[in-house]
Amino acid sequence: MATGTEPQPRTDVPGAHGVHDASRATIAARHLRTDRWWLAPAATAAGLLAFVVYSTWRAFANADYYAAPYVSPFYSPCLAENCVPMKGGPNWEIFGSWWGLSPALLILVFPLGFRLTCYYYRKAYYRGFWASPPACAVAEPHRKYTGETRFPLVLQNIHRYFFYAAVPVAGILTYDTVLAFRDETYAWGHMGLGTLVFLVNIALIWAYTFSCHSCRHIVGAGSSTSPSTRCATGCGAGSAGSTPITWRSPGPRWSASRSPTSTCTCWRPAPSTTRGCSRRLDDQMKGAR
Amino acid sequence: MSGYTAAFEVWRGDADGGQLEDFEVEVNEGEVVLDIIHRLQATRVPDLAVRWNCKAGKCGSCSAEINGRPRLMCMTRMSVFSREETVTVTPLRAFPVVRDLVTDVSFNYAKAREVPAFVPPPGVAAGDYRMQQIDVERPQEFRKCIECFLCQNTCHVVRDHEENKESFAGPRFLMRIAELDMHPLDAAAGAGVDRRKTAQDEHGLGYCNITKCCTEVCPENIQITDNALIPLKERAADRKYDPLVRLGNKIFRRPE
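Protein chains in written order, with numbering that gives the first Met the number 0: chain A, 0 to 288; chain B, 0 to 255.
Since the hints were derived computationally from the structure, they do not count as laboratory data.
Ideal placement from N, C-alpha and C gives every residue a C-beta, glycine not left out.
Treat the hints loosely; a few may be bogus.
With a straight-line Cα cutoff of 16 Å, these simulated EDC-like cross-link-like pairs (lysine to aspartate or glutamate) come out [to be verified]:
#1 K239(B) to E147(A)
#2 K122(A) to E140(B)
#3 K54(B) to E146(B)
#4 K86(A) to E5(A)
#5 K122(A) to E92(A)
#6 K143(B) to E219(B)
#7 K143(A) to E201(B)
#8 K122(A) to E146(B)
#9 K54(B) to D34(B)
#10 K196(B) to E140(B)
#11 K143(A) to E165(B)
#12 K239(B) to E215(B)
#13 K86(A) to E183(A)
#14 K57(B) to E219(B)
#15 K57(B) to E140(B)
Residues on chain B that point at chain A, a partial pick, calculated with CB under 8 Å [as the list claims (entries may be wrong)]:
#16 N66
#17 T87
#18 D103
#19 A109
#20 E113
#21 P115
#22 A116
#23 I133
#24 V135
#25 T153
#26 K211
#27 R234
#28 D237
#29 R238
In silico contact screen, one side only, chain A against chain B (beta carbon under 8 Å); selected entries [claimed, not checked]:
#30 T4
#31 V18
#32 N156
#33 T173
#34 S210
#35 V218
#36 G221
#37 S227
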């Protein structure tokens, strides 16, 4: 079949859609998978549902969240006046006395939003809860699909803002972990099982936060060139339009300043884009010569 | 492993209809599903239509669904199935069937033509392109694609919703857009092509809901979702959904 071929015009047959579309192979079954494809989405849905039920209960409970020196991550930072006093802990009464509900509700919206819009979680809950699709090559039950093109799912695109909010929350939980090295009388030098739980928790939280796809985009993946290239081409100046030159790096001073992955082939910055770090590179190049 | 007789169900038919037909066929050690289909052709059904070429997982021709899973027939060893298991082979179920195991994949060619090609940087001769290895590594991963269209076939956006084929390019061609957008020397922006914005507006990036089936079925193990689609979604968010980025572009006079 030549690659210039145009697709056949679609003939719409009422009641036939998806894998049962009139143009496709006539196979009655929605799928022919013989493995236990349902196990992974079912386990994911069960696990997430259990967590949602438990966390909702704990978030509204407004009790039993502080046992010196440990504070529940759901209630940290505690931003209302109705918080249990935590010596040296993260309770700042920003919301004052008018807030009568559980103080956990004030802060949980950020980690919750971070996870709800997370690219990794999307696979889990779209498959597990929404069956869109339930598994690969298993037909989904929905007649229409618009994905993340419309409200409310188009709001998934604000994931990066929840990442921004999640970083200070993780910072405060790190502070809580440090405070966990006290005993119940607030004397330093204690380490109990709770401290270990806090350490594991904060390690996992930072690993999750820094492995965020938005984080990867923000710290450099959004650019088509690496930071070392941008520096060598003039602090972010586009490579296109620059004048290519090849130069050698004989001097130890210059060699030490290069990334080990770099080669000695480089791009000269266009004159109008020479700024900061590229000027420093030019100076180093002169020194090397 | 000595030879044995396996039970096969192979879909036979055309656009007017068809059904799964049962076969008992000899299997020998080291064989793949395509070998069995060839044996069927040679011994039982000489008119069985099947598309194949290299038999080495590099041409992307022998895509089919084996026990309901989109796979290359030449890369699916018979040893992954138990001897008692009936192996079902059908054509790809997202594309119009032509005959037996052959489907009309022209949808993919139409989508390929809609993606603007690489725009050479002005003033740089083809032989003078210079890029850092670290910068070409990312788009190079996507160049491993053999265009078997298994990802296009398994993507539920078009597999389960024929009407979306008009507005959704599919993972393979969104990956192509990501590849070009990540290319250090692509000068599309200077030529008036905003790949990030058009990915969302014209090629249907918003339809993708990151369920990663394209990555699961890729025979080249390209991380389509994590390395192409999600970065492209983030780049599109820069253009369309992030007011801070747009404000920053205005203040620092970065090209939008």
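The hints, checked one at a time:
| no. | hint | verdict |
| --- | --- | --- |
| 1 | K239(B) to E147(A) | 13 Å, holds |
| 2 | K122(A) to E140(B) | 22 Å, violated |
| 3 | K54(B) to E146(B) | 15 Å, holds |
| 4 | K86(A) to E5(A) | 72 Å, violated |
| 5 | K122(A) to E92(A) | 38 Å, violated |
| 6 | K143(B) to E219(B) | 7 Å, holds |
| 7 | K143(A) to E201(B) | 19 Å, violated |
| 8 | K122(A) to E146(B) | 24 Å, violated |
| 9 | K54(B) to D34(B) | 9 Å, holds |
| 10 | K196(B) to E140(B) | 23 Å, violated |
| 11 | K143(A) to E165(B) | 14 Å, holds |
| 12 | K239(B) to E215(B) | 29 Å, violated |
| 13 | K86(A) to E183(A) | 10 Å, holds |
| 14 | K57(B) to E219(B) | 9 Å, holds |
| 15 | K57(B) to E140(B) | 15 Å, holds |
| 16 | N66 | 5 Å, holds |
| 17 | T87 | 5 Å, holds |
| 18 | D103 | 7 Å, holds |
| 19 | A109 | 6 Å, holds |
| 20 | E113 | 12 Å, violated |
| 21 | P115 | 15 Å, violated |
| 22 | A116 | 14 Å, violated |
| 23 | I133 | 5 Å, holds |
| 24 | V135 | 10 Å, violated |
| 25 | T153 | 5 Å, holds |
| 26 | K211 | 5 Å, holds |
| 27 | R234 | 6 Å, holds |
| 28 | D237 | 6 Å, holds |
| 29 | R238 | 10 Å, violated |
| 30 | T4 | 4 Å, holds |
| 31 | V18 | 5 Å, holds |
| 32 | N156 | 4 Å, holds |
| 33 | T173 | 25 Å, violated |
| 34 | S210 | 10 Å, violated |
| 35 | V218 | 11 Å, violated |
| 36 | G221 | 6 Å, holds |
| 37 | S227 | 7 Å, holds |
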